[in-house]
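Asks: Here is what each chain is made of, one letter per residue.
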Amino acid sequence: MSPLSADPSFKLFALCCAILSILMLMLAGMTAARRSKAKKYLNPEDSKVSFAGATQIEGAEDAATARVQRAHRNLNESLPIFFGLGLVFVLAGASPLGAKICFAGFTAARILHAIAYLNALQPWRTIFYGLGAFALTGMAVMIVVAVA
Amino acid sequence: MSPLSADPSFKLFALCCAILSILMLMLAGMTAARRSKAKKYLNPEDSKVSFAGATQIEGAEDAATARVQRAHRNLNESLPIFFGLGLVFVLAGASPLGAKICFAGFTAARILHAIAYLNALQPWRTIFYGLGAFALTGMAVMIVVAVA
Amino acid sequence: MSPLSADPSFKLFALCCAILSILMLMLAGMTAARRSKAKKYLNPEDSKVSFAGATQIEGAEDAATARVQRAHRNLNESLPIFFGLGLVFVLAGASPLGAKICFAGFTAARILHAIAYLNALQPWRTIFYGLGAFALTGMAVMIVVAVA
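Chains as they are written, first to last, in numbering that gives the first Met the number 0: chain A, 0 to 147; chain B, 0 to 147; chain C, 0 to 147.
The hints are simulated quantities; they were obtained by calculation from the structure and are not laboratory data. There could be a bad hint or two in this list.
Only part of the chain B face toward chain A is listed, based on derived beta-carbon distances under 10 Å [as the list claims (entries may be wrong)]: (1) R66; (2) L86; (3) L120; (4) A132; (5) L135; (6) A145; (7) V146.
If you want the ones that stay clear, here's a sample from chain C, every Cβ over 12 Å from chain B, calculated [unchecked claim]: (8) S4; (9) L24; (10) A31; (11) P43; (12) K99; (13) A103; (14) G104; (15) M141.
The beta carbon of each residue, even a glycine, is placed where N, CA and C say it ideally should be.
Chain A on its own, in the form it takes in the complex (with noise of 0.2 Å):
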């Protein structure tokens, strides 16, 4: 067992990266269940493996597909500086407190925005958008603060 593993701020570091990489995961899944459920395809050796029937469209995208689309691109915006700032702010020994308020923040902020991207909730999406947002930016600080 390597030392950082009896860390609380590494395991709740840990739990969250494996939280949003589900999530992650779950909106790429969704995205190809309602591109199959609409039967159009961005590419069009895509409708031969699936449905006879199925419009073959070049970069065009069904607008319930594009939404859970929108969804996954922005947490895939935000998702990568969530994994490098939580890992140097881990490695930095960056404040404990801090650690357990930004990462589970971060954490619930990001479930949020994808329940409400998904249910078109406003202002809901902007505001757990925000949050998530803050959350990183405390980090930046946070961990510049701790390595200066």
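We have chain A already, so just place chains B and C on it with the hints.
Replies: Chains B and C in isolation, oriented as in the chain A frame:
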């Protein structure tokens, strides 16, 4: 030399990271090369530096360019999860056998996925995508087991 | 304080991560601001919370918004590679001089790339993109050398 450098799981992860990063940069380069060949640009300023007779389009993409770009984006949605989970996996000291299978499996699956995407090979593209997602899910589960 | 916090390569990497994360969040914020200014929305629910007279479009994006979004996406395709390779680089204890050149070089190149993209400055955008990709390639090569 850091103690991690002697850990076989870390060495394999480092190698996989290097390979997948080069694959990512290659797909980015191919998108630019195809776009240049198609003489269609998303930015008006690009046609001036490249070809006098290039078509200026804002927001539309050539079909062959769009295919490379989709392969690139697909990797971009998957690779950050591998980077994040992989490092946490190694630092948590999770199963060395699991590391071997998941790290090598994910890397092979994503190289084959890119080849299948660029050559429009179905159902192979979906199979390799599924194997990659399966490796990531396995890593997430093993991380939770390791820190729990 | 963790032993890594005393490593100059780690400190530089941590600082670069914080700066690039803020850049990423700024580009995300600018996309939203431009979209709001153009009064065009991808999601029907967004026009209700913002402007009464906003046009509701699904899937199309205003030209000025699309430019910021392309700059944002370009960084999003590059930053996760830096996060992944950078941490592996530091943890592998690879060349401290290489770390200084690649970490600072990548960070400077990506800030200048964003400025060049937003102001439609060619060939500067391509030059700064190339410098960033060159730094990442150098990091990948030095990682392989360090663990081999």
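Asks: Can you give the numbers of the hints that this structure goes against, from lowest to highest?
Replies: 15
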